[in-house]
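Listed in order, the protein sequences are those of chains A and B.
Under this note's numbering, the letters of the first sequence match residues 1 to 367, in that order.
Under this note's numbering, the letters of the second sequence match residues 1 to 247, in that order.
Any given hint might turn out to be false.
Pulled a few chain A residues facing chain B out of the computed Cβ check, cut under 7 Å [stated by the list, open to error]:
#1 PRO51
#2 GLY52
#3 PRO282
Label pairs and their computed distance ranges (CB to CB) [stated by the list, open to error]:
#4 A:ARG277 <-> B:HIS231: 50 to 56 Å
#5 A:PRO33 <-> B:GLU133: 24 to 30 Å
#6 B:ARG112 <-> A:ARG120: 28 to 34 Å
#7 A:LEU226 <-> B:PHE19: 34 to 40 Å
#8 A:SER186 <-> B:TYR15: 44 to 50 Å
#9 A:ALA128 <-> B:PHE19: 52 to 58 Å
#10 A:ALA190 <-> B:GLN60: 53 to 59 Å
#11 A:THR209 <-> B:GLN60: 38 to 44 Å
Stretch-level coverage of chain A by chain B, calculated; a stretch enters the list once three of its residues show a Cβ under 8 Å from a Cβ in chain B [what the hints assert, rightly or not]:
#12 266–280
#13 331–344
Bear in mind the hints are in silico, worked out from the structure with no lab data behind them.
Glycine included, every Cβ here is placed at the ideal spot set by N, Cα and C.
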Amino acid sequence: MKTKTFQLIPARPAPPPPGGLLHWLRTHLFGNPLSALTTLVLLALLLSTLPGLIDWAVLRAQWRPDAEACRAEGMGACWGVVAEKYRLIILGRYPFDEQWRPVVATTLMLALLVASCLRRCWRPWLAALWLLVLAVFFTLMYGNVAGLSRVETDRWGGLPLTLLLSTLSIAMAFPLALGVALGRRSELPAIRAVCTVYVELVRGVPLVTVLFMASFMFPLFMPQGLTIDVLLRVLAGITLFAAAYMAEVIRGGLQAIPRGQLEAAATLGLGYWQTQRRVVLPQALAMVVPGLMNNFIAIFKDTSLVTIVSLYELTGALGLALNSDADWRAFKLEGYLFITLIYFGFCFAMSRYSLWVEQQVNRGRAR
Amino acid sequence: MSEPIITFEQVNKWYGPSFHVLRDIDLTVARGERIVICGPSGSGKSTLIRCINRLEEHQQGRLIVDGDELGDDLKTIHAVRQKVGMVFQQFNLFPHLTVLENLTLAPVQVGRLSQQEAVERAMQQLERVRIAEQAHKYPLQLSGGQQQRVAIARALCLTPKIMLFDEPTSALDPEMIKEVLDVMTELANQGITMLCVTHEMGFARAVADRVVFMDQGQIVEENTPHEFFSHPQSERSRDFLSKILGH
């Protein structure tokens, strides 16, 4: 019998994917009866709502800040409310003549946040920049130096307050959460117990309660004459609250690291902290990026709850702006749509950024 | 004979209250000796070698590694781990680090080498396992055999006196077993002390100074490979050999 020689068939390029709009429509929207039905139902829904919406929001809308005109028969959306009240909505009760200060402070803060997201800025000087920007932020907002008048923290409000609360509480809650997550897996029973009790306790209470306690009950326990600013107390409250949730998300990632990784690190002589820092956390955090971003976004929106302790951040400032003014009170909906847009802008940016981070940290997994 | 590098004296270990996984283990390993440990699954082979670098702790008896008696003292454990390298069945490379970073991590963090020294040493070891061209890839981009060779190189970067292999070829495709065994054989010929849990009897025959056969937590037989394969002393060893060599 003759032996066959093995001949490798040369690799050929894959056939070009079928193109064209028609093909796309057929496969994506009308692939099967159910898909076709869904497409038609959604199309019908769009057709029945969209014209009305456009008519209300654009065609019949009133753009000028004219309350009389807004109230006229047959008027659509009254975007004039935004034109009239935007300073109050975005900056809250901050003294009107001094409002350049929160604007500058917020712009700096936003620039800092954007810089922190860029890979080429991940250098030691970024930490220094954070301290600098926060110092400038507080100085500008609080004043009382260099000819700036003093503005107490309870007058701070609107977007600057929302940004300040969420940035600081996320920045402080994250390291705390790391510690708690590691603590819950500690071999020392005391540490484990403390961390577990903390997480369970905090998760068992609504944020509103935490804020109430921080704002009203905490001062009762303080020694006479010693007061801590309500803003700081609320900040601490949100931080402690957020850290408990974040800790559990991180712990989920820690659980997912195979035992073998720890054993390999141990046999290489790496100590506990070296193992966590170099082996466990990079992998664990990479896995929980979506969950963490969930937390970050939730914190950002949860800051709206500080209204109940009379700090008027974005949502609170809107209420403040419209409730007190009988002329404009009727157009709350438009106001809410306006801040919805602001919230959405931030949250959407965060979620897009999280996708990018996921891509970055998963490079090792790509084939 | 010079002082042994590893000594087990009446070592006992239990998992939980009743599972007696190592029973009265007595074993001495001479410097430079190459030992293959075999036996049915669940016989305690892996547990035995994992005691040597304290991945498992023994509850009774004495275990002395290169002059250090293993106990609860963390310093001793750390000192022993510096001298003992280990290769696992599942490779256990760090997937978020490149091959080179896997190799330099411990020398820089633990061995206090400069980054440059660590990289030089890592490249030498990668040459040794013939995989230097993959230094900048991530582990999951490599084949199983390549990953295991990287794992061997990683252990060697800490210049251990003893190498432990825990079924290093069991998770590999048949075609890749040879490339790993070749590397291990070369290593064996360079005088490092080796303890290897494996079912590769060809490797045992070619490389081992001694074969240790275990069953149910006990050492049943210690013998030269030649004697072990041609004249096994116990009924149990004969039975085991007939099962793994019979097909």
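* To do: Return holds or violated for the Cβ distance of ARG112 (chain B) and ARG120 (chain A) against the range 28 to 34 Å.
  => Between ARG112 (chain B) and ARG120 (chain A), where Cβ atoms are some 31 Å apart, the hint holds.
* **Assessment of proposed distance window 52 to 58 Å (beta carbons of ALA128 (chain A), PHE19 (chain B))** => At roughly 57 Å between Cβ atoms, PHE19 (chain B) and ALA128 (chain A) fall inside 52 to 58 Å, so the hint holds.
* Interface hint status, PRO282 (chain A) versus chain B (Cβ within 7 Å) -> Status holds, d = 5 Å.
* Do the Cβ positions of LEU226 (chain A) and PHE19 (chain B) conform to the proposed distance bound of 34 to 40 Å? -> The hinted range 34 to 40 Å is violated for LEU226 (chain A) and PHE19 (chain B), with Cβ atoms some 59 Å apart.
* **24 to 30 Å as the expected CB spacing between GLU133 (chain B) and PRO33 (chain A), which holds or is violated** => violated, 54 Å
* Would you settle whether the hint for PRO51 (chain A) is holds or violated, based on the nearest Cβ-Cβ distance to chain B being less than 7 Å? => With a minimum Cβ separation of about 52 Å from chain B (threshold 7 Å), the hint on PRO51 (chain A) is violated.
* To do: Given that the region 266–280 of chain A was listed as covered by chain B, double-check it with a C-beta distance under 8 Å for 3 or more residues.
  => This one holds; 9 residues, not fewer than the three required, reach chain B with a Cβ under 8 Å.
* Evaluation of the interface hint that places GLY52 (chain A) against chain B, nearest CB under 7 Å -> It is violated, given that the least Cβ distance between GLY52 (chain A) and chain B is near 52 Å, above 7 Å.
* Starting from the hint 50 to 56 Å, judge whether the C-beta atoms of ARG277 (chain A) and HIS231 (chain B) obey it. => For ARG277 (chain A) and HIS231 (chain B) the Cβ distance comes to about 54 Å; the hint holds.
* Mind checking, does the region 331–344 of chain A have 3 or more residues with a CB under 8 Å from chain B? -> Three-residue rule not met by the region 331–344 of chain A, so violated; n is 0.
* Asked: Given a hinted range of 53 to 59 Å, is it respected by the beta-carbon distance of ALA190 (chain A) and GLN60 (chain B)?
  -> This hint is violated: roughly 29 Å between Cβ atoms.
* Falls inside 44 to 50 Å, the C-beta gap from SER186 (chain A) to TYR15 (chain B)? -> violated, 23 Å
Figure legend: structure checked against the earlier numbered hints; hints not met, in rising order: 1, 2, 5, 7, 8, 10, 11, 13.
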